[in-house]
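There are 2 protein chains.
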Amino acid sequence: MEMPETLLFEEALAGRAKSVERQLDELLSPRPEAGEIARPETLLSAMRHGVLNGGKRLRPFLVIESAALFDADVDAALRVAAALECVHCYSLIHDDLPAMDDDDLRRGQPTVHKAFDEASAILAGDSLLTLAFDIIAAPATVLSADSKLELVLALSRAAGIGGMAGGQSLDLAAERQTPDEAGIITLQAMKTGALIRFACEAGAIVGGAKPADRERLAEFGSAIGLAFQLADDLLDISSNAATLGKATGKDRAAGKATLAALHGPDWTKRQLGGLVAQARSLLEPFGERGLLLREAARFVADRRN
Amino acid sequence: MEMPETLLFEEALAGRAKSVERQLDELLSPRPEAGEIARPETLLSAMRHGVLNGGKRLRPFLVIESAALFDADVDAALRVAAALECVHCYSLIHDDLPAMDDDDLRRGQPTVHKAFDEASAILAGDSLLTLAFDIIAAPATVLSADSKLELVLALSRAAGIGGMAGGQSLDLAAERQTPDEAGIITLQAMKTGALIRFACEAGAIVGGAKPADRERLAEFGSAIGLAFQLADDLLDISSNAATLGKATGKDRAAGKATLAALHGPDWTKRQLGGLVAQARSLLEPFGERGLLLREAARFVADRRN
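Here the protein sequences line up with chains A and B, keeping their order. Okay, so the first sequence: first residue is 1 according to this note's numbering, each after it adds one. Okay, so the second sequence: first residue is 1 according to this note's numbering, each after it adds one.
Since the hints were made in silico from the structure, they are not lab data.
Which residues of chain A face chain B? A partial, calculated answer using Cβ under 8 Å:
1. Glu36
2. Leu97
3. Met100
4. Ser120
5. Asp126
6. Leu129
7. Ala159
8. Leu170
Idealized CB from N, CA, C, for every residue including glycine.
The whole structure should be built from the sequences, with the hints applied where relevant.
So this is what it looks like as C-alpha cells:
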C-alpha cells in the first residue's frame, strides 16, 4: 500500500507537469516575440517535438516547489521552471544524436533527428538553449533584475563546459578510457548533478531566499542529483528494456563505468538510503512546507523508470 | 592608393581584434569559474580551436566602436564583444558539421569536427553559446543589471529561432526548395543580419544610449548586415577558391538562391552603394566620432574575402 505522502507527491508532480507543459506550449508558439524576425515552421516543430513529449518534468517540479518554500511568485517560478526544462530537453536532443549516444527512441517516440533530421535536431537544441535565457530575461518573468541575472549566471555555469556539457564530454571520453572512482563522481556531478542542483537553487533565487537558504537548497539539489544518478545506474544493471522504454545495459555494453557497477547493488542501495536521509534532513528547517520536496527525494531514489 | 581613413580603420580593426583575442583567451582558461566543477581538457581545446582562429572579429569591433560613441566603459564593451564572438564562433562550428554545411576547412584550418570529432564540435558549440550568456551576466562585466538583462534578451532573440538559428534552418530548407525574393531577404536578415544588428545595438546598450540612439545603431547594424551578405554573395559568384580560402561557388552548386544571383552583379553593386550611404548617414549625428564605424560600413561592402 502506498503512503498518503507518496500519493500526494505523485498528484503534485503530475499537476505541475501539466502547468509546465502549458507554459512550454505557449512559449513555443509560432508567433515571433519582439526582436524576432520569424519562427520557421520546421525548426519550431522540431523544438516542440523535443520538448512536448510527456516527460515527468522533475526539474521544473523542483524549481516550483523550492520556490514555494519562500512564497515566491508562482508565475515567475513557472517560467524559470520552463526555461530549465528547455535546457534539459536541448541536452537530450543533442545527446541522442548519432555522433553522441546515437539513440533512435526517447520515451517510446522517435528522437528529434529521427522524426526530422540531424541538422534540425542540432538547431532545435541550439534554439532551446538560447530560448532558456530569453525566458529568464524577458519582461514577462516578473523578478528583480538582480535575481534574473543570478539565474542566468547560475544556469550558464550549471549547463556549460563546467557543468552539463562538460559532463557529457567526459562521458564520451569514458567510453574510450574508463575513469577511476573520482573521475566517475566528477563526471556525474557535471552531467546530471549540476542541472538538478540548479533546479533547487533556482527556486531559492526566484523566492528571494537568504544566501544560507539558497546554499541549503543547492545542497539538497546536489544530494538528490547524486541519488538520481545512482538510481539510474542501479536501474541499468537490474532492469530490462520492456519497463524502461529505451535500450538498457547500454552503458555497460559501451564499457561505461558507474558507481553502481563498481560497488554493486547492495552498496548502491545503502548509498541511496543515506542520500535520501541527508536530503530530507536539509529540509528540516522548513517543517511541513518541505513535505513535497522530501517526497521528491524519495521518488528520485526509488524510481523504476 | 588607400585613403587615410581606410588605413586608420584597418589599424583599428586589427588592434581591437588583438584585444578581443586576449579577452577570449582569458575567458577560455582551464581554471573553472565559481559554480563550475571542472573544465574538461578536450572540450576546452575544441572551444579554443573554434574561437582562437585569427578571425577578423568584425562583430566585436562593431560592439566596441558602437559603445565608444557613448563613452561606454571599455572593459565592459570588450567583454560583451567577446560574448558575441562566442555566439558567432558557435554558429560557425555547428554550421560546418557534416549534417549542416559539411565544411572541412575554416580560414585554412581544419574545422572543429575535423580537428577533434563531431561530438566535441557539437558540445564546443553548445558550450560557447552558454558561455556567452555567462560572460554578460558575470560580475566582472561592470554594467547595470538592467543593461545586462537587455543584452541577454536582445542576444537570445538575435541568435535563437527568431534570428540566426532560424535563419540557418531556412537556409538548409532553401537547398530543397528555392525561396522567392522575400524568402531570401528574411533568410539573410535572420542568418547573418540579426547578429550584426545586435552587435551595433549592444554597443548602444553598453553605453547606456537613449532609446532613439539605440534604435539608430540597430538600424545602422541592419544596413551593414545586409551589405555584408550582398558582398558575400557577390564574392561567391565572382571570386575563386584561392583568394577566399574556402570552397566557393558552393552556394550555387547547392542550388541556393541569393539576391546577387537573382539580380546580377551590377544591381548588387548599386544596392551595396546605397546601403553604405544609408549606413553612413545614420551616423551623421555623431560627427567625427563616427569615423571608424563609417569606414566599417565601407569595409563590409568592399571586402575581398
